[in-house]
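Throw the hints in and build the complete structure from the sequences for me.
Spelled out, the chains give:
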Amino acid sequence: MAVSATSVEGTECSSGGNQIVAAPEIQPMKKKRNLPGMPDPDAEVIALSPTTLLATNRFVCEICNKGFQRDQNLQLHRRGHNLPWKLKQRDGKEIRKRVYVCPEKSCIHHDPSRALGDLTGIKKHFSRKHGEKKWKCERCSKKYAVQSDWKAHMKTCGTKEYRCDCGTLFSRRDSFITHRAFCDALAQESARSQTQNVVISNSDHHSHRQETAKVEVTVLPPSCSPPPPPLTPSTGVLSPVPSVHSSEVPEKATGVLQHQKGAVAEAEAAEKCLATATATTTTTASGGSTSSGNNIVTDNTGVFASIFASPSVLPPSQSSPASYSNLVCGVVETDRNAKVEPMSLSLSSSLYRSSTAAPSLFPPPDQTLHRQYVQPALSATALLQKAAQMGATSSNTSFLHALGLAPPPPSSSADQYQETSIGQWSNIQSKQERNDNSGIGRDQMLMGPPAPTTLDFLGLGMGGGTGGSSGGYSAFLSSLGASVSGGVSFGGVQNKEWDDSGDKKPALL
Amino acid sequence: MYRSQVISQIDMKAELRSNTTSISLSNQSSTLFNSHQNPFSGALKGCLGNLDGACIEKLLLHCANALENSDINSAQQVMWVLNNVASTSGDPNQRLASWFLRALISRSSRVCPTPMNFNGGRSAFQRRLMSVTELAGYVDLIPWHRFGFCASNSAIFKAIQGCPKVHILDFSITHCMQWPTLIDALAKRTEGPPSLRISVPSWRPSVPPFLNVLTEEVGMRLTNFANFRNVPFEFNVIEVSPSMEESSFNFNYEFLLTQTNLFQDDEALVINCQNWLRYMPDQASSKDSFLEVIKSLNPHVLTIVDEDSDLGSTSLASRITTCFNFMWIPFDALETFLPKDSCQRMEYEADIGHKIENIIGFEGRQRIERLESGAKFSQRMRNLGFYSVPFGEDTISEVKFLLDEHASGWGMKTEDDMIVLTWKGHNSVYATAWFPYGFED
Numbered sequence: 010m011a012v013s014a015t016s017v018e019g020t021e022c023s024s025g026g027n028q029i030v031a032a033p034e035i036q037p038m039k040k041k042r043n044l045p046g047m048p049d050p051d052a053e054v055i056a057l058s059p060t061t062l063l064a065t066n067r068f069v070c071e072i073c074n075k076g077f078q079r080d081q082n083l084q085l086h087r088r089g090h091n092l093p094w095k096l097k098q099r100d101g102k103e104i105r106k107r108v109y110v111c112p113e114k115s116c117i118h119h120d121p122s123r124a125l126g127d128l129t130g131i132k133k134h135f136s137r138k139h140g141e142k143k144w145k146c147e148r149c150s151k152k153y154a155v156q157s158d159w160k161a162h163m164k165t166c167g168t169k170e171y172r173c174d175c176g177t178l179f180s181r182r183d184s185f186i187t188h189r190a191f192c193d194a195l196a197q198e199s200a201r202s203q204t205q206n207v208v209i210s211n212s213d214h215h216s217h218r219q220e221t222a223k224v225e226v227t228v229l230p231p232s233c234s235p236p237p238p239p240l241t242p243s244t245g246v247l248s249p250v251p252s253v254h255s256s257e258v259p260e261k262a263t264g265v266l267q268h269q270k271g272a273v274a275e276a277e278a279a280e281k282c283l284a285t286a287t288a289t290t291t292t293t294a295s296g297g298s299t300s301s302g303n304n305i306v307t308d309n310t311g312v313f314a315s316i317f318a319s320p321s322v323l324p325p326s327q328s329s330p331a332s333y334s335n336l337v338c339g340v341v342e343t344d345r346n347a348k349v350e351p352m353s354l355s356l357s358s359s360l361y362r363s364s365t366a367a368p369s370l371f372p373p374p375d376q377t378l379h380r381q382y383v384q385p386a387l388s389a390t391a392l393l394q395k396a397a398q399m400g401a402t403s404s405n406t407s408f409l410h411a412l413g414l415a416p417p418p419p420s421s422s423a424d425q426y427q428e429t430s431i432g433q434w435s436n437i438q439s440k441q442e443r444n445d446n447s448g449i450g451r452d453q454m455l456m457g458p459p460a461p462t463t464l465d466f467l468g469l470g471m472g473g474g475t476g477g478s479s480g481g482y483s484a485f486l487s488s489l490g491a492s493v494s495g496g497v498s499f500g501g502v503q504n505k506e507w508d509d510s511g512d513k514k515p516a517l518l
Numbered sequence: 013m014y015r016s017q018v019i020s021q022i023d024m025k026a027e028l029r030s031n032t033t034s035i036s037l038s039n040q041s042s043t044l045f046n047s048h049q050n051p052f053s054g055a056l057k058g059c060l061g062n063l064d065g066a067c068i069e070k071l072l073l074h075c076a077n078a079l080e081n082s083d084i085n086s087a088q089q090v091m092w093v094l095n096n097v098a099s100t101s102g103d104p105n106q107r108l109a110s111w112f113l114r115a116l117i118s119r120s121s122r123v124c125p126t127p128m129n130f131n132g133g134r135s136a137f138q139r140r141l142m143s144v145t146e147l148a149g150y151v152d153l154i155p156w157h158r159f160g161f162c163a164s165n166s167a168i169f170k171a172i173q174g175c176p177k178v179h180i181l182d183f184s185i186t187h188c189m190q191w192p193t194l195i196d197a198l199a200k201r202t203e204g205p206p207s208l209r210i211s212v213p214s215w216r217p218s219v220p221p222f223l224n225v226l227t228e229e230v231g232m233r234l235t236n237f238a239n240f241r242n243v244p245f246e247f248n249v250i251e252v253s254p255s256m257e258e259s260s261f262n263f264n265y266e267f268l269l270t271q272t273n274l275f276q277d278d279e280a281l282v283i284n285c286q287n288w289l290r291y292m293p294d295q296a297s298s299k300d301s302f303l304e305v306i307k308s309l310n311p312h313v314l315t316i317v318d319e320d321s322d323l324g325s326t327s328l329a330s331r332i333t334t335c336f337n338f339m340w341i342p343f344d345a346l347e348t349f350l351p352k353d354s355c356q357r358m359e360y361e362a363d364i365g366h367k368i369e370n371i372i373g374f375e376g377r378q379r380i381e382r383l384e385s386g387a388k389f390s391q392r393m394r395n396l397g398f399y400s401v402p403f404g405e406d407t408i409s410e411v412k413f414l415l416d417e418h419a420s421g422w423g424m425k426t427e428d429d430m431i432v433l434t435w436k437g438h439n440s441v442y443a444t445a446w447f448p449y450g451f452e453d
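Protein sequences appear in the order of chains G and Z. The letter at position 447 of the first sequence is residue 456 when you use the working numbering, and the numbering goes up by one with no holes. The letter at position 98 of the second sequence is residue 110 when you use the working numbering, and the numbering goes up by one with no holes.
No lab work stands behind these hints, which were simulated from the structure alone. Heads up, some of the hints might be wrong.
[Stated by the list, open to error] Computed, partial: chain G to chain Z, Cβ under 8 Å:
id	residue
1	I117
2	H119
3	L125
4	G126
5	G130
6	K160
7	A161
8	T165
9	R181
10	D183
11	C192
12	D193
13	A196
14	S199
Even glycine gets a Cβ: it sits at the ideal position worked out from N, Cα and C.
The following block contains the structure:
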């Protein structure tokens with residue numbers, strides 16, 4: 010499959026900018042076969058020089074010497090010159106399909122079987138891969154070499170974000186939906202709702218509550234602490250909290266959840282809420298959000314506020330500007346613009362997620378609220394997780410660590426996803442097991458073939474090629490294979506072992 | 013001259029890996045490189061300083077030919093060179109080469125069985141189990157899967173418009189990752205969501221991605237989500253009992269016809285095959301039998317998604333070339349946005365390596381990957397009497413919108429009624445939709 014293609018500095022000419030053409034050349038020992046990677050094996054493989062690829066106005070009108078970036082534009086322009094019919098025609102060939110290779114030798118597209126089918130494609134590729142990144146996004150400081158890439162990025166950067174209850178952020182809706190469907194936060198919410206047995210009566214206090222309780226929710230900016238692992242429903246942990254709030258809570262909750270409608274409203278509102286929430290940050294709670302550790306009372310009300318702050322309440326027809334305060338106080342049908350009490354949500358990221366899903370999880374529309382904020386039957390692990398999240402007291406944290414139940418540092422493969430700490434735990438455990446297994450395998454390998462075999466790794470034996478081939482071959486295979494299996498497994502850790510094994514085993518060279 | 017030249021090349025290559033080689037090698041080089049059979053020395057010289065895909069492909073082909081001819085020496089030599097070139101943390105070509113090398117080793121170990129850890133019929137790979145949320149992220153790493161999900165869901169959504177009850181029979185290897193977006197779309201349907209049932213078989217081919225929970229757990233979560241979105245939902249696992257060993261199956265899908273309680277008359281039946289047909293064995297025209305059973309179930313629509321490459325050839329060399337020239341696509345795509353030491357990237361590549369190992373390392377019934385290109389497959393469907401359904405404009409724009417959110421190398425094209433995901437212009441995944449019969453109603 011060797012193809013010789015030479016590239017030469019291009020001179021501009023009117024028939025187009027392609028200078029050098031190289032036909033595919035097949036090695037004599039191989040049959041000509043259809044190369045699956047190349048759409049058309051008879052295509053002309055063209056290798057342009059870097060200068061040509063980077064040049065912007067490659068197509069020049071022969072009449073007025075005006076330069077164009079695209080051939081089509083040049084042709085359009087030439088029409089304007091009122092050329093006699095003969096000169097209007099191009100040079101007539103152009104039937105054969107052209108594919109382009111990258112001039113950069115180490116590039117994957119230098120190989121004709123990886124050639125790209127269109128000129129713009131190869132030019133963009135060359136700029137992206139081997140060119141200088143001149144375009145920069147102001148918001149996220151990503152750099153681009155091709156202007157159209159930068160433009161495409163600017164369209165979406167920072168415009169939309171979807172946040173799952175577990176705290177993970179998504180820029181794409183479909184990945185958000187898929188994640189959400191299977192996220193532990195949702196599962197735990199449903200489990201929690203199923204065990205609830207308190208029916209909170211439909212209270213008419215809610216309007217009263219609305220006026221007195223201004224609830225404002227702070228959205229933690231993404232730059233805030235890394236989202237903690239998804240939590241089990243939190244409120245069980247808060248039960249020791251001053252009971253002052255607990256009486257208030259159910260009624261507030263009633264007010265909120267009583268007005269839930271169908272999933273349609275929920276979903277749309279949720280998205281709107283999420284989409285806009287990231288763009289708006291409430292101001293009043295900024296102080297509170299940093300004082301989370303010390304102020305349990307605030308935290309708790311913040312917690313409850315976050316639970317109420319379910320945007321599911323809002324029908325999509327909400328027309329007022331979607332600031333969070335409005336969303337939260339849109340609890341009551343009657344009063345969309347009730348004042349909200351500014352409360353810090355130090356735990357917003359952790360608790361908000363449990364709240365948004367919960368309200369509309371299971372309630373049949375005509376049932377009154379069944380959410381319960383004092384949860385008797387939480388598992389110890391969940392409680393401790395919650396305590397860790399609250400970060401309330403240092404004793405809690407050390408207790409957690411002592412129990413070995415502190416959320417482990419995010420494993421490298423989970424750095425993008427929020428799993429329960431249990432999930433991470435088993436992940437890490439299984440990773441360690443794999444480490445151990447492959448380590449054992451390698452050691453056995455090392456011990457297996459005796460030292461002289463290191464010279465004999467190709468199974469050639471001392472005397473010559475074919476004699477000891479099968480025995481030596483298996484030794485070679487096992488030494489090679491074990492190193493491969495030891496090194497080529499999962500995760501970055503094993504990767505280091507791969508390199509180490511290379512050093513320890515001169516046989517593998 | 014020749015010998016020193018070769019040694020210097022070896023030294024240069026050895027720098028890639030470690031540096032303890034020259035002494036031991038020089039003692040052996042006489043036997044190694046001056047043997048009268050030395051077909052690969054030309055290849056080695058040709059690859060001097062050049063690790064491009066063509067070079068690696070040549071080496072792989074040499075190795076395959078050597079194995080097919082039972083030329084152990086040559087195979088060893090090539091493997092040794094490949095081992096120097098390959099690296100799971102290098103550039104895409106090197107990474108790809110490492111998985112191919114591993115597959116070749118796995119294969120040759122069956123030629124010369126060793127007492128060590130290569131079992132006869134089993135993959136040398138360990139299974140990596142993911143959690144559901146990990147899998148949710150995994151399928152969205154590159155649009156490889158999401159493309160098929162999006163196209164199929166859009167076609168299904170259109171086909172079941174106005175239907176109050178829908179039953180989806182899902183044959184897929186991605187554990188229902190496709191359905192949340194459909195449930196979400198159905199929840200927002202203007203006429204209200206239908207009553208939805210999703211059934212999956214209890215068996216799936218033993219290929220990645222593997223989950224660390226049972227299908228029932230996945231179903232529970234999906235049910236949970238559907239309830240959350242107020243879509244009446246039911247999830248079933250259909251018990252199938254494959255008679256064969258785990259790695260291959262040959263059970264008769266006709267049992268589906270006998271499951272009278274499974275299919276209800278007032279339901280619109282949708283059958284979804286996503287990366288499934290390629291696991292049908294070639295013998296006894298199992299693919300055709302399966303498709304005929306599907307046809308007789310008279311679904312409202314049949315959506316089929318698979319990878320667009322012909323990897324079922326009996327010739328090892330041909331499979332190696334085709335596979336190498338196809339699998340570079342995901343490797344290249346991952347390279348554009350994940351660093352070389354990214355765990356996610358390596359795990360994704362390892363799963364592709366699992367596939368490569370099966371395609372190259374196994375024969376007969378143990379080779380369960382029997383991929384057929386979209387064009388060939390479409391012809392098969394037409395021969396069986398299916399009618400292709402073109403994807404609508406809104407589907408196409410949905411897919412384009414999806415691709416816009418990924419790296420710019422991803423594109424899409426239509427070929428007849430098929431839409432194909434392309435990476436830098438090369439076909440990767442195709443999606444199709446079919447009716448079992450012509451338009452009757």
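**Study point:** Interface hint compliance - G/G130 to chain Z, C-beta minimum distance less than 8 Å
**Key:** holds (6 Å)
Practice item. Could you check if G/H119 really has its C-beta closer than 8 Å to a C-beta on chain Z? Key: Holds. Min distance 6 Å.
**Study point:** Restraint outcome when G/T165 is required to lie within 8 Å of chain Z by C-beta distance
**Key:** With Cβ-Cβ at 7 Å, under 8 Å, it holds.
Practice item. Mind checking the CB of G/I117 against every CB in chain Z and telling me if the closest is under 8 Å? Key: holds (6 Å)
Point to revise | Interface hint for G/A161, Cβ within 8 Å of any Cβ on chain Z | key: holds (7 Å)
Exercise for review: Classify the hint on G/D183 as holds or violated, based on whether any CB of chain Z lies nearer than 8 Å to its CB.
Suggested key: holds (5 Å)
Check your understanding: Does the interface hint hold: is G/G126 within less than 8 Å of chain Z, judged Cβ to Cβ?
Key -> Hint on G/G126: holds, closest Cβ of chain Z at ~4 Å, below 8 Å.
Check your understanding: Is the hint on G/L125 kept, meaning its closest Cβ partner in chain Z is under 8 Å away?
Key -> Holds: closest Cβ of chain Z sits about 6 Å from G/L125, inside 8 Å.
Exercise for review: Verify the interface restraint on G/R181: the C-beta must sit less than 8 Å from at least one C-beta of chain Z.
Suggested key: holds (5 Å)
Practice item. Answer holds if the nearest beta-carbon of chain Z is closer than 8 Å to that of G/C192; otherwise answer violated. Key: Result: holds, 6 Å to nearest chain Z Cβ.
Practice item. Using 8 Å as the Cβ threshold, decide whether G/S199 counts as touching chain Z. Key: holds (5 Å)
Exercise for review: Could you check if G/K160 really has its C-beta closer than 8 Å to a C-beta on chain Z?
Suggested key: With a minimum Cβ separation of about 11 Å from chain Z (threshold 8 Å), the hint on G/K160 is violated.
The structure is inconsistent with hint 6 alone, although it conforms to all the rest.
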